[in-house]
Amino acid sequence: MNFDFSDDLKQVRDHARGFLRDECPASLVRRSLDGEAPYSEALWREIAGMGWIGAAIPEEYGGAGLGYEGLCVLAEEMGRVVAPVPFASCAYLAAEAILLAGTEAQKHEFLPGLADGSTIGCFALAEGNGNPSPAAIRARVIKGELSGAKWPVADGGIADIAIIAARDEADEIGLYLVRCRAIDRKPLRTLDPTRDQARFDCDEVPAEKLPLATGWEAVQRVLDRAAILFAFEQVGGAEASLDMAKAYAMERFAFGRPIGSFQAIKHKLTDVYVALELARSNAYYGAWALSADAAELPLAAATARVSATEAFHIASKENIQTHGGVGFTWAFDCHLYYRRSKQLGLRLGGAPFWKNRLVDLLETRNAA
Amino acid sequence: MDFNDTPEEAEFRAQARAFLKANAQPKGTGRPTLRLGGMVGEEVTRAKAWQAKKAAAGFAGIAWPKRFGGRELSSIFQVIYNQEEEDFTVPRGLFEIGLGMCIPTMMAYAKPEQLERYVAPALRGEEVWCQLFSEPAGGSDLAALRTKAERDGDDWVINGQKIWTSGAHLSDFGIIVVRTDPNVPKHEGLTFFFLDMKSPGVDIRSIHQMSGTRHFNEVFFDDVRIPDSQRLGQVGQGWRVSLTTLMNERLAVGDPARPDVDDLVALSRNLILDGKPAIENQAVRERIAEWYAKAQGLKFTKFRTMTALSKGETPGPENSIHKLVNASKLQDIASYGMDLMGEAGMVQDDDLVEAWGMFQSALLSSPSARIAGGSDEILKNIIAERVLGLPADIRVDKNRAFNTVPTGNR
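Protein sequence lines correspond, in order, to chains W and C.
Adding 1 to a residue's 1-based position in the first sequence gives its number in our numbering.
Adding 99 to a residue's 1-based position in the second sequence gives its number in our numbering.
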């Protein structure tokens, strides 16, 4: 039994944590919050230079070949600091979709740019209201040209390439690579301005198919794998929220004593801790499934996702509650995590979608 | 990451499995063997025989020192044995407190000749031990206990009452913490002993529980004499000895309570809701998913603990989360399963209702899981103070002589 990250990866994690503590303070995140920049280019260049974006991309395509456990470790640290960069869109989604369904030529053409940060990628699935489903995909490709509306698209406003789920002439769902400059893009105002979001209106834009995996199964496979990486971001954000609440509960006095000495606060923060530990353990299992490419991956992913969404939700809301009135101010950082928690919980579909999927998979497994 | 045993662990696991296969029945997935109330007659005999067999085969006291008849292996091997044993139906529960808490306390404080006398018979299942801690006035606040001991020559004379004593009626010996000085603050006036449960003046009465069963006992002490030679630790040091006992709480011994998530899934397939199997209902699915995620989270938290154990680390208070999560989960799953049964859910007839009455039994027994062995509230305090590092609560009784502390006249 070795259900932990290796010492090497723990070093990677510690280094990443130290680097981000110094280079990604809340003041940097707030520049995106206040609308100064959709993402931090300086931070993006630095993490690209350290090989983080391409952590799980094989070296032959310009990646660092650190493997999926390495990417999980980094995802947790990005989540911890609410990093205002398109890391998830590039590393968990665009690169993964190309690795899954792209031809050798497409991998060689696009992955090196994603890995070194010079190309920003995004993944466009949603078409307005509703959770992911085959029926919700109406965008269509006819003779190599894609038409349809996609929104919201995370990092859609800053991306160079988009992987878009669409149907072909025969109504089959597939993944298509589109150059974003051909798309009519409008920025969307969202609850988490630290993550760029856009609306795509595609009108006969040139699209090349990623042909090696098709159908809804290909989309779902991208979602499953990304769900595990998002779970690590959520765990990182949840732990940061708990740490903030803990620190405040120790220094804030009321009724002549630190508020952390009241059971009302202790029990609240213990509930957060319990949710976080369960989420972390489920995320670890997901990390194992990702790196072993195990048959259990879909169920492990849904479980990690359900658990992590719940943990970040409770951690970020109770962090505000523990802070009291100041927690509700713009000046305090609690809301950065609250916003990010909801945003991450909706990416790839909300909790009902993933709970449903979990039970689908459970039934399939039990029937086997 | 991997889930593989080391070669030594794999060999041990194979040995444990072979022993269990040869000597015990594999556990099926069907009707659970519900233990309603304490063990009686034949069950006790079976449990003792099983313990003797385990001891003879070297699967009792796996992590105990060799001089006490153990194998002196790392705790990971105990966990591995427990994992394997979970797949078999064996009589559990009679020796957990004795071997898990009482004897380890004896090992830390008793005299060599006493260990010579008591440890081996306990390990072989010949003698049963119980733990006499809780009192009507001292449960979560254990140190508020009032049973008193007064010195009389070479003996101590005990008067008072203990409560919630599992297996007292089946026990040969017990460990007990009592008040020897009410004039000092509560933690400083306690002293620890072991005693013969057949001593004159010991009166054991079973407690009729809300579940209708009788598992716990009240134990009354009326001028019970304990020789001073059976004192464990110094006079006035009883609190410190008690902490030794409590720290020895068993490590992840498995007997996962039912109904679990799989039972709820099976039930939801059988029952009809709005004209379709209940499992097709989105509300039902979400509840199942939430409990499944919790159960898996606990499972993999245990794997993380095992990893720490195999690296030689000692698990800490973070392990309290297992009971904290499981107890409420059990109560909630029981209640929800009954909701799905509709009016029939209230029927308590194991042959008539779904799932052999498992949900109904659990509804009535699960409140005890949230209280016994550290209530939810105490466990949360432990996690908050010892894991999260939050400040201790203010204790108004801390520096006061015990006999001046307000009691609310109860």
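Simulated from the structure, these hints should not be mistaken for lab results.
None of the values given here were measured: they were computed from a predicted structure.
A couple of the hints might just be wrong.
Here are the computed lysine-lysine pairs in the DSSO-like style, where the Cα-Cα straight-line distance is at most 30 angstroms [stated by the list, open to error]:
hint : chain 1 : residue 1 : chain 2 : residue 2
1    : C       : K147      : W       : K343
2    : W       : K318      : C       : K247
3    : W       : K318      : C       : K398
4    : C       : K497      : W       : K269
5    : W       : K210      : W       : K269
6    : W       : K269      : C       : K422
7    : C       : K497      : W       : K11
8    : W       : K144      : W       : K187
9    : C       : K375      : C       : K410
10   : W       : K269      : C       : K398
11   : C       : K152      : C       : K165
12   : C       : K410      : C       : K147
13   : W       : K318      : C       : K428
14   : C       : K147      : C       : K165
15   : C       : K410      : W       : K11
16   : C       : K428      : W       : K269
17   : C       : K422      : C       : K497
18   : W       : K210      : W       : K144
19   : W       : K343      : C       : K428
For this session: Enumerate the violated hints, using their earlier numbering and listing them in ascending order.
Result: Hints 1, 2, 5, 7, 9, 12 contradicted; others consistent.
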